[in-house]
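Enquirer: Sequence order for the protein chains is A and B.
Read in the working numbering, the first sequence has 106 at position 106, and its numbers run on one by one without any break.
Read in the working numbering, the second sequence has 107 at position 107, and its numbers run on one by one without any break.
One thing to keep in mind: the hints can contain errors.
Since copy identity is lost for identical chains, a pair holds within one copy or between any two.
Okay, derived cross-link-like pairs now, DSBU-like style, lysine-lysine, Cα gap no bigger than 35 Å in a straight line [said to hold, decoys possible]:
id	residue 1	residue 2
1	K66	K143
2	K209	K66
3	K18	K97
4	K97	K224
5	K97	K143
6	K18	K143
7	K18	K224
8	K209	K143
Everything labelled a hint here was simulated from the structure, so no lab data went into it.
What follows is each chain in one-letter form.
There are 2 protein chains.
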Amino acid sequence: MNVGIIAAAGRGSRMGGKPAKQFLELAGTPIIFHTLSRFEQCGLIQEIIVVLPADEIAGFLSLADKRGVHKLARVVSGGTTRAESVWRGLQAIRASKVQIVTVHDGVRPFVTPDEIERTVRAAEEAGAAIMVAPVIDTMKEVKQGEIARTLNRSQLRRALTPQSFRYDLLYRAYEEADVLDPELTDESSLVERLGARIVAVEGSSHNIKVTQREDLMMAEVLLKELG
Amino acid sequence: MNVGIIAAAGRGSRMGGKPAKQFLELAGTPIIFHTLSRFEQCGLIQEIIVVLPADEIAGFLSLADKRGVHKLARVVSGGTTRAESVWRGLQAIRASKVQIVTVHDGVRPFVTPDEIERTVRAAEEAGAAIMVAPVIDTMKEVKQGEIARTLNRSQLRRALTPQSFRYDLLYRAYEEADVLDPELTDESSLVERLGARIVAVEGSSHNIKVTQREDLMMAEVLLKELG
Numbered sequence: 001m002n003v004g005i006i007a008a009a010g011r012g013s014r015m016g017g018k019p020a021k022q023f024l025e026l027a028g029t030p031i032i033f034h035t036l037s038r039f040e041q042c043g044l045i046q047e048i049i050v051v052l053p054a055d056e057i058a059g060f061l062s063l064a065d066k067r068g069v070h071k072l073a074r075v076v077s078g079g080t081t082r083a084e085s086v087w088r089g090l091q092a093i094r095a096s097k098v099q100i101v102t103v104h105d106g107v108r109p110f111v112t113p114d115e116i117e118r119t120v121r122a123a124e125e126a127g128a129a130i131m132v133a134p135v136i137d138t139m140k141e142v143k144q145g146e147i148a149r150t151l152n153r154s155q156l157r158r159a160l161t162p163q164s165f166r167y168d169l170l171y172r173a174y175e176e177a178d179v180l181d182p183e184l185t186d187e188s189s190l191v192e193r194l195g196a197r198i199v200a201v202e203g204s205s206h207n208i209k210v211t212q213r214e215d216l217m218m219a220e221v222l223l224k225e226l227g
Numbered sequence: 001m002n003v004g005i006i007a008a009a010g011r012g013s014r015m016g017g018k019p020a021k022q023f024l025e026l027a028g029t030p031i032i033f034h035t036l037s038r039f040e041q042c043g044l045i046q047e048i049i050v051v052l053p054a055d056e057i058a059g060f061l062s063l064a065d066k067r068g069v070h071k072l073a074r075v076v077s078g079g080t081t082r083a084e085s086v087w088r089g090l091q092a093i094r095a096s097k098v099q100i101v102t103v104h105d106g107v108r109p110f111v112t113p114d115e116i117e118r119t120v121r122a123a124e125e126a127g128a129a130i131m132v133a134p135v136i137d138t139m140k141e142v143k144q145g146e147i148a149r150t151l152n153r154s155q156l157r158r159a160l161t162p163q164s165f166r167y168d169l170l171y172r173a174y175e176e177a178d179v180l181d182p183e184l185t186d187e188s189s190l191v192e193r194l195g196a197r198i199v200a201v202e203g204s205s206h207n208i209k210v211t212q213r214e215d216l217m218m219a220e221v222l223l224k225e226l227g
């Protein structure tokens, strides 16, 4: 049994916060349902847990009923940080014999079922795997407002989601973490602290995170392009 | 006297290459003329040198005639790398008493005259200054396909253009550089090698580089938004 945790507890204050960013519509469908459909289509995911702001749960459940999210196992309310939200999702898993847990941002609707599958398979082999994309811009290290050095772009990757882990490994990482630390921007950073092996799975730059107004417009463009 | 060098010698093979990416139209105007108009509007730039593919020069000049690029001093043909192209632009400067040279990507049409001005002023003070923008994604160092570590995002910046330098400093940096090295992705990296002080000037994320099909669509969205 492999479980997907959809992290969608952020409010999206950069876009005004009402409706929460994950409920903004793309082609008539709230973003989070685009995302969920990608997990529905992935054969390696059997159950989905969605983490939401507490006051969005009722509305979500009524929409989910109509749209038929067949793998939806539980909906839980998020915490004050991303890490706390995902930790709550992880603790809400009731299935026995869970092998791989895959965490994904609710506002990354362009992940493909194939990308989810490749990440899960890599985690099955190595214990942990995260989706990454190349760094396009020249990257500088800055100290006190001045350029310290240029980084070697070929050794850098942008961390996206999905991020997949053996259940016991991710659980242990959260047990040892301070989940209230706002600097924990992805699950991988927690698992890195355990010194565990984490495979980088190359993904598409189309797998954008929709957090700002321009992202939403870009998402509309991508949806037309990619279908 | 301050000179702007517009680096537009790339062909844009990622967008098919015909027309070259810098001549693709945004709202009926080739991208490079959007970019040039920002330099026309900046009071701290007196002369502009444009570096183009050799076979685009005649067409550019005829368009420039109609559109009236008043500060245009020279048009030169580019080299095989970005560094070689900019170096040719730099060597083409004929004005005496050049203080600051500002290099800018021809396919960054959303730079504002204010951003150019702030970069030039910072270079007047410190000798060198480049426009940067925050890093939004979590950044990982990858070794042999595995995650080595998470970088501290607050110390990282994406290097954009404009990049402004005291003329003699930039000239010396190019004299000492291997301009055929394709890894020299920005002017700053050359000047960094001299150990010179380079100020990071915070700019807008709207200042995107239009190199791919999706960028062009994003540019159309931004143009409507920003005017």
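Enquirer: It remains to establish, for every hint, whether it holds in the given structure.
Expert: Outcome of the hint check:
{"no.": "1", "hint": "K66 / K143", "verdict": "neither (52 Å within a copy, 46 Å between copies)"}
{"no.": "2", "hint": "K209 / K66", "verdict": "within (25 Å within a copy, 42 Å between copies)"}
{"no.": "3", "hint": "K18 / K97", "verdict": "neither (39 Å within a copy, 56 Å between copies)"}
{"no.": "4", "hint": "K97 / K224", "verdict": "neither (40 Å within a copy, 52 Å between copies)"}
{"no.": "5", "hint": "K97 / K143", "verdict": "between (48 Å within a copy, 32 Å between copies)"}
{"no.": "6", "hint": "K18 / K143", "verdict": "neither (37 Å within a copy, 41 Å between copies)"}
{"no.": "7", "hint": "K18 / K224", "verdict": "both (25 Å within a copy, 23 Å between copies)"}
{"no.": "8", "hint": "K209 / K143", "verdict": "both (28 Å within a copy, 25 Å between copies)"}
Of the numbered hints stated above, those contradicted by the structure are hints 1, 3, 4 and 6, listed in ascending order.
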